[in-house]
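Residue numbers (this note's numbering), protein chains in the order written: chain A, 1 to 271; chain B, 1001 to 1358; chain C, 2001 to 2076.
Honestly, the hints are just simulated from the structure, not real lab data. Note that beta-carbon positions come from the ideal geometry of N, C-alpha and C, so glycine has one too. Hints are supplied without guarantee of correctness; some may be wrong.
Said to hold, decoys possible - Covered stretches of chain A (chain C as the covering partner; in silico rule of three or more C-beta atoms under 8 Å from a C-beta of chain C):
hint : segment
1    : 4 to 12
2    : 35 to 41
3    : 114 to 127
4    : 145 to 157
5    : 163 to 171
Said to hold, decoys possible - Here are the computed distance ranges between Cβ atoms for each label pair:
hint : chain 1 : residue 1 : chain 2 : residue 2 : range
6    : A       : Val165    : B       : Ala1198   : 56 to 62 Å
7    : B       : Ala1198   : C       : Val2004   : 51 to 57 Å
8    : B       : Ala1210   : A       : Leu17     : 36 to 42 Å
9    : B       : Gly1002   : A       : Lys269    : 40 to 46 Å
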Amino acid sequence: MACVIEKINEIIAPENLVYAKSPLTNDDIMHYCPGCSHGVVQRLIAEVIEEMGIQEQSIGVTPVGCSVFAYKYIDIDWQEAAHGRAPAVATAIKRLMPEKMVFSYQGDGDLAAIGTAETLHAVNRGENIVMLFINNAIYGMTGGQMAPTTLVGQVTSTTPFGRNVDINGYPLKITDLIAQLPGAAYVTRQSVHTAAAVRRAKKAIRKAFEIQRLNCGTAFVEIVATCSSGWKLSPVESNKWMEENMFPHYPLGDLKDSKRADSGLYRIKSK
Amino acid sequence: MGELRLMKGNEVIAEAAIRCGCDGYFGYPITPQSEVMETLMTLRPWETTGMVVLQAESEIASIHMVYGGAGAGKRVMTSSSSPGISLMAEGISYLAGSELPCVIVNVQRGGPGLGTIQPSQADYNQATKGGGHGDYSLLVLAPASVQEMHDFVILGFELAFKYRNPVMILADGVIGQMMEKVTLIEQRPRWTNEQIQALSGGWATTGKTADRKKHVITSLEMDALMMEKYNLRLQAKYLQMKQDEVRYEVIDCDDAEYILVAFGSAARICQKTVQIARAKGVKVGLIRPITLFPFPDKIIAHYASNVKCFISVEFNAGQMVYDIRLAVNGVTRVEYFGRMGGVVPTPDEVEDALNQYF
Amino acid sequence: MAKVSGAVVVDIEKCKGCSLCVEACPTLTLMLNRSVNNRGYHFCYMQIPENCNGCANCSAVCPDSCISVYRLRIVH
């Protein structure tokens, strides 16, 4: 036993460090529930900002919902937007300070229900911002009500017998809608349920920020996420449930990867 | 001396914004104020001063764009008319709650609902009592001429940054649409990053540098005691405005037995009424509140013991009349005369109303 | 022959015992502790430290950024 401790102490030396949290992430204990995907995504954002060396340029816009307090955890300037309005807030920040790196961070209720207009129009204008979209198919903060992305049959506190399309309509694939818009430069759907998925998601977030530097349109990253409290499953069970149920409806991968595709647009022939 | 021109009130808002060095305008078309954005788009200030002009997808988006720009320490503004201002109520509350400076122009039309596109002053209560949720106040300026439309954009930005508070220019369809001569200020430069740093470097989201803590623009506070403290700070600020920022105009009140109280274009009509009545030997005066919040209650109280009656003349069902009654506090009679739904009364109509209270 | 050895350090008070790291660990090194931290969570720890190869899968999936990973190439 003494031998093992000795060996561990030998390994735990600064020169052997492979991973430690980003210095942009503070020591506050996150308010999220155990296993919540928000924590992972926010850590990735902090890492990307640190690795790109853009702390001084970065301005984040947080939503209303579980991630309302995202501003507590990453050491950059933030603006807290009203429910659904983050893309409008981010639009103005970027337009007035084009040299900044501006991103919005929203959940499904914020981005795809109350803020649908702001979301679609910001992308449609091709705002040079990064939009991060955390889709866990439920309203976490308010206690597990139906979200626009709630799956058919999924039980929530406002669909206690499962989402019924006759009453509640269909789960909104807003990322697919966004991919259709000429203003979108990069649209991808990722997840953070395994180490490999986390590494892919980080690459996607990095790419989104790189695209902002090119000024060629909106970079939109959806993260299919879990909400173990809302789903009433353990974090591990949530990941399994997500793989089985969320991924078939919200398949992972890039939906669009090109610069603004406005070259083929119809323009009127005379004024 | 600035440039003298004949212009529409709405066009002047745009001219004044560019000339005072405004950084951004975000708006959505609505009658009777669409000329503001049309003028800006025609003048293309982004090619000269670098001012951003953006047509948003809604008034909701516009006001939240204003929030984003104001949070960055920029001088930003929007304009709309009554139904659009109702849509902005959420954002205005957030702006006040986050203590962000900005200028919001309301060229009022008749309501309620979709109402009419004719001039009105029916948003007085909405403007002076906050208008959205929570305990907050806007600094409200009521222009009565095209010149004041111009001047109040400049004054509005000064006051907005002095108090870190949204300022509303409460105009109406008459002032917005009518043409008058106006003296425009010389072009002023937009603030440099260094100027913004000097003025708002303590709170604006200009990018976190190593020498300071991060800045967070928010109105959120989960701790009720902290939130109460924050509210008390806001109230102290509003009290300071009441002490320092009251503006009004007094016409012929020193010997007056009757005083008309009116703001904006209603005051213009009442000015004529005063002339007509004075010519007939009636001792009547006019108090024109220029700031509606803070309300000029002291000057009204000052005249209260000398006059037989105050008459509040408004293009609404009687909203400001309650603020006058509070100021007068029962010392004398306070009555109301007004027209609603976009009807603008004539000076003679006001005189007839005045005669009832002899 | 070179053997890769690793170790993790857990910020016990930040850990919420979600066990996603336990699930992500390919070498069955990690486990939730039977005892709890100050907030009542069964924090994760290296139950079989000899197994750890420092792959950092645990820190990748950790939502609370409470795992640091170290790796050492030991040449025999």
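How does the Cβ-Cβ distance of Val165 (chain A) and Ala1198 (chain B) compare with 56 to 62 Å: does it lie in that range? holds, 57 Å
May I ask you to test the hint 36 to 42 Å on the CB atoms belonging to Ala1210 (chain B) and Leu17 (chain A)? Given a distance of about 23 Å, which is not inside 36 to 42 Å, the answer is violated.
Check whether three or more residues of the segment 114 to 127 of chain A sit with their beta carbon closer than 8 Å to a beta carbon of chain C. violated (count 0)
Three residues or more, CB to CB closer than 8 Å: is that satisfied between the segment 4 to 12 of chain A and chain C? This one holds; 6 residues, not fewer than the three required, reach chain C with a Cβ under 8 Å.
Check the following: the C-beta atoms of Gly1002 (chain B) and Lys269 (chain A) are separated by a distance inside 40 to 46 Å. At roughly 43 Å between Cβ atoms, Lys269 (chain A) and Gly1002 (chain B) fall inside 40 to 46 Å, so the hint holds.
Test coverage of the segment 145 to 157 of chain A by chain C using CB-CB distances below 8 Å; three residues minimum. violated (count 0)
Counting residues of the segment 163 to 171 of chain A that have a beta-carbon nearer than 8 Å to any beta-carbon of chain C, does the count reach 3? The restraint on the segment 163 to 171 of chain A is violated, since only 0 of its residues have a Cβ under 8 Å from chain C and three are required.
Counting residues of the segment 35 to 41 of chain A that have a beta-carbon nearer than 8 Å to any beta-carbon of chain C, does the count reach 3? Holds, because 6 residues of the segment 35 to 41 of chain A bring their Cβ atoms closer than 8 Å to Cβ atoms of chain C.
Is it true that Ala1198 (chain B) and Val2004 (chain C) lie within 51 to 57 Å of each other by Cβ? holds, 55 Å
Comparing the model with each numbered hint stated earlier shows that hints 3, 4, 5, 8 do not hold.
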